[in-house]
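Engineer: Residues per chain are reported as follows:
There are 2 protein chains.
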Amino acid sequence: MPGTRPPKKHKGLVIINTGDGKGKSTAAFGMLMRAWGRDMKVVAVQFIKGETSKFGEHMALAKMGVEVIPAGRGFTWTSHDLDVDAGKARHGWKIASDMILSGKYDVMMLDEITYPIRYGWLEASDVIETLSRRPEMMHVVMTGRNAPEELIEYADLVTEMRLVKHPYAEQGVTAQKGVEL
Amino acid sequence: MPGTRPPKKHKGLVIINTGDGKGKSTAAFGMLMRAWGRDMKVVAVQFIKGETSKFGEHMALAKMGVEVIPAGRGFTWTSHDLDVDAGKARHGWKIASDMILSGKYDVMMLDEITYPIRYGWLEASDVIETLSRRPEMMHVVMTGRNAPEELIEYADLVTEMRLVKHPYAEQGVTAQKGVEL
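Protein sequences appear in the order of chains A and B.
The opening residue of the first sequence carries number 1 in the working numbering; numbering runs sequentially from there.
The opening residue of the second sequence carries number 1 in the working numbering; numbering runs sequentially from there.
Do not rely on the hints blindly, as some may be mistaken.
[To be verified] Straight-line alpha carbon distances no greater than 27 Å define the calculated BS3-like cross-link-like pairs of lysine-lysine that follow:
id: 1; chain 1: B; residue 1: Lys-165; chain 2: A; residue 2: Lys-165
id: 2; chain 1: B; residue 1: Lys-63; chain 2: A; residue 2: Lys-165
id: 3; chain 1: A; residue 1: Lys-11; chain 2: A; residue 2: Lys-104
id: 4; chain 1: B; residue 1: Lys-41; chain 2: A; residue 2: Lys-63
In case anyone wonders, no lab produced these hints; they're calculated from the structure.
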């Protein structure tokens, strides 16, 4: 019937935070924090990892007892061998994929997973295929710029973080510990 | 000189997460989590508070030992008296303002502060006046839709969260515990 609300239902959501602005990973970490507050089982898988970036959230997740799995390039950007990087990304996805299907997690973050897909190291269709077989109530939040259309099509909730104003270019302010790192 | 990068400097940032999309408060909570991970002193002040919403982050902040200060309407929406609401908002801002100037906090979240400003209960100029006197290294992150232009003008970093796709309208899915509540 027109105008009738569909019945409310509960299900695990596939969430994407994309766009060029700040806050994509930060909001996903906030989501993990919220679920952790409810004693849900949460885990973060990171596909790109600089050596110093995101150190604040690693310290926080360690304090919270939340697992962080390095996938893809792992903990450094030292490799300049694309075949090695592609291999690491595929290996990282295999680990993440097994974890998704294990039934052990309520909420999983796939941080910066859009990059290995954009680089051609992972297929969006493989990611979707695994997500479609995940436990019914499991939430998965993916982050990164330029989320592939296929993934957006599949997701339940997609937010674009758009930069309105940024201090670095204008004021020469460097990234600040605690709020961005 | 054109093309010369300004010297890097450190300073406390005024950050705004605005827009109609999800993730404004969630990203601010992620920021608090990151700073908490670095053992910085963080606090959340909430200007609008439904009775059941955001319960997940309250549980998380309690587990983390982070203070949450109810301001404005406080913990319920039960009041329908606008004068009472306005008074609460002003009282809430007085508390927040004293905390900002106390020098005790490294990072403060002013959650949904845009609403009492939009309702005319707080003046953006008063908020800016207090922020301008805060400790130099203190970060303040403000959230809410329709951030006033004056506040955006004053802020260092502004992100708009834009809704690309949302499950409720399309699929009749209700808000999910752990990821949104």
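Engineer: Determine for every hint whether it applies to the structure shown.
Structural biologist: Structure-based check of each hint:
A distance of roughly 24 Å separates the Cα atoms of B:Lys-165 and A:Lys-165; the hinted pair therefore holds under the 27 Å criterion. A threshold of 27 Å between alpha carbons decides the hint, and for B:Lys-63 with A:Lys-165 the separation of about 33 Å lies outside it, so the pair is violated. Only pairs whose Cα atoms come within 27 Å are accepted, and A:Lys-11 paired with A:Lys-104 is accepted, the gap being roughly 16 Å. Our distance criterion of 27 Å between C-alpha atoms is met by B:Lys-41 and A:Lys-63, whose separation comes to about 15 Å.
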